[in-house]
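So the protein sequences, as listed, match chains G and B. Position 234, counted from 1, in the first sequence is what the numbering used here calls 234; the numbers after and before it change by one each time, with no gaps. One rule links them: number in the numbering used here = place in the second sequence (from 1) + 335.
Simulated from the structure, these hints should not be mistaken for laboratory data. For each residue, glycine too, the CB sits at the ideal point set by N, CA and C.
Have a look at the derived ranges for each label pair, beta carbon to beta carbon:
# : chain 1 : residue 1 : chain 2 : residue 2 : range
1 : B       : GLY520    : G       : ARG189    : 56 to 64 angstroms
2 : B       : ARG496    : G       : ALA43     : 21 to 29 angstroms
3 : G       : ARG307    : B       : ALA337    : 24 to 32 angstroms
Computed list of lysine-lysine pairs in DSSO-like fashion (alpha-carbon distance at most 30 angstroms, straight line):
# : chain 1 : residue 1 : chain 2 : residue 2
4 : B       : LYS350    : G       : LYS135
5 : G       : LYS15     : B       : LYS470
6 : G       : LYS135    : B       : LYS470
Here are a few chain G residues that sit away from chain B, every Cβ distance over 10 angstroms (derived from the structure):
#  : residue
7  : ARG4
8  : PHE62
9  : ARG107
10 : ARG117
11 : GLU193
12 : ALA205
13 : ALA212
14 : ARG240
15 : LEU259
16 : GLY293
17 : GLU305
Listed below, chain by chain, are the residues.
Protein chains: 2
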Amino acid sequence: MADRIVLAHGGGGSKMLDLIERRFVPAYGGKALAALGDGAVLAGRPGRIAFATDSFVVRPYFFPGGDIGELAVNGTVNDVAMCGARPAFLSVGMILEEGLPLADLDRISASIARAARRAGVEIATGDTKVVERGKGDGIYINTSGIGWIADGVDLAPLRIRAGDAVILSGPIGEHGIAVLSVREGISFRTPVESDTMPLVDAAQALLAEPGAVRMMRDPTRGGLSATLNEIARAARLGIRIIEECVPVSEGVRAACEILGLDPFAIANEGRLVAIVDPERADALVDRLRRVEGCEAATVIGQVFEDRRSLVTVSTPYGGERVLDLSSGEPLPRIC
Amino acid sequence: MADRIVLAHGGGGSKMLDLIERRFVPAYGGKALAALGDGAVLAGRPGRIAFATDSFVVRPYFFPGGDIGELAVNGTVNDVAMCGARPAFLSVGMILEEGLPLADLDRISASIARAARRAGVEIATGDTKVVERGKGDGIYINTSGIGWIADGVDLAPLRIRAGDAVILSGPIGEHGIAVLSVREGISFRTPVESDTMPLVDAAQALLAEPGAVRMMRDPTRGGLSATLNEIARAARLGIRIIEECVPVSEGVRAACEILGLDPFAIANEGRLVAIVDPERADALVDRLRRVEGCEAATVIGQVFEDRRSLVTVSTPYGGERVLDLSSGEPLPRIC
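Build the full structure now, drawing on both the sequences and the hints.
Now the structure itself:
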């Protein structure tokens, strides 16, 4: 039992302190975390603050191309980045199930550290709870994040106008299909890996073109379809996507065909959608393509007047289908 | 099934949007939450930022004197307040188990709203995940919080000096015993209710005496014993407590005797410990006693030179016992 999580690891006593001081702080802790306060005291900065939170319950917690630790960092970093902020500090709250192998926890902690370094954020504060066997599923992680928004950045759905261009930063559906493949024991000829990555550089590249971006979102749960529908609703406008412009990898396409899934409805964890000034769309795509992981960035559609806020996809054969907000992600516990 | 949580409530589609727009936003959402962004954009403020996070897994989620919603707000509000900040914004991340009655969720949401109002914080952003039956326990809640620290406030264990006074804001052990009593179906002649409450006013009352407070902590998991040990370790000094000065209610005392528990090791959720300038301790106690819920505030002991960082309790009969950092809270899932 010495190499597994026990209830006392969440008890606030010496076993919990051990976990924090010998595992979490050395693995991913910055100066604030190492101070072991009730919270972190951080230097203030000028500008508005972006504040985001996300809990991660992905099953299994190791999957092709990533794990729950990396996902938890990137997920919240990306939510902060989509607000137009440069993410600065993250909290990590863990809910561990009794019996979790400490080796798995260490591997996840190392992954948190790596992802935080890549995204340029500091893990400033944390919390650990342990639940009995059968009341969790190994590990759930909440991360919350804060970042500062530079003056002049103004992102809001109500800034969107008919005629605006829709930019996508890369191929869709990879995270969802990667998780599904390992969960269901399916293997595809072309293996699919999660696209989990921080979108900090991508967002900052777009914001470097002053005033050109109306709003940004990362299409996670519910996929591109859910995100475009949310944007259309909030803007009270329609969106028309050209299907052949949307990059989909061979592996994702094959998997979706076999499983009867729509790549537009599958979760991504390292892609962004931006609604932008159409006259500057090409310049923005150029900027984006120079960012690692966004080489396939492209314009995929346009905003148009529509009081019903419809999102449609034009197919290569001249047809058009409506992308509706389905009742939920087809795959549970994808993130 | 229409009155229970299903997996699709966590799927990012229309069912999740329903949950957020029809339940969470009306119950406890401020302007930022209602905007339904990936995160909240908040006005910056001058001063340092305190940032804290806490996950709550208390079993059962309704207990005498409170519930998991109220606890989740107060817990993080208090961590921010103990940093010397006035808490301003909170995030709420929920992990719901498939099958959770929506009536329970609504009751918890109302409780979150009430607690946030009382503490003077806005729920600015949130997240909802759903896990399968048997992979959770009804509801787990993470809250993270931010607040700003006024200029001149300087709290740190290394400011503590031998001779400093130890102040406690009220009777100990009530939260832990309240949860235990309902969990184990034990009833005591004197019913015990959780002490969960926000410590914002208490902390601000102490900080109104400039420079008098060295540091503050709320003794939650592991009780007063764990907190005093953490303080002593961080300050590299000893702490001596006078047992008869520590307020313990009749109900807690009786419960601890029957169950063989030490009230010093039981969790509190609405008490604070402050290490203060001894010359101003009486003035601080006076200030504290005027705050609702802190009427029994009192000096309970003193800091002394001790390189081993011992925490001891002097008993009424002239004896002395060492309060050590036990391996963990005697009661699992107390918060």
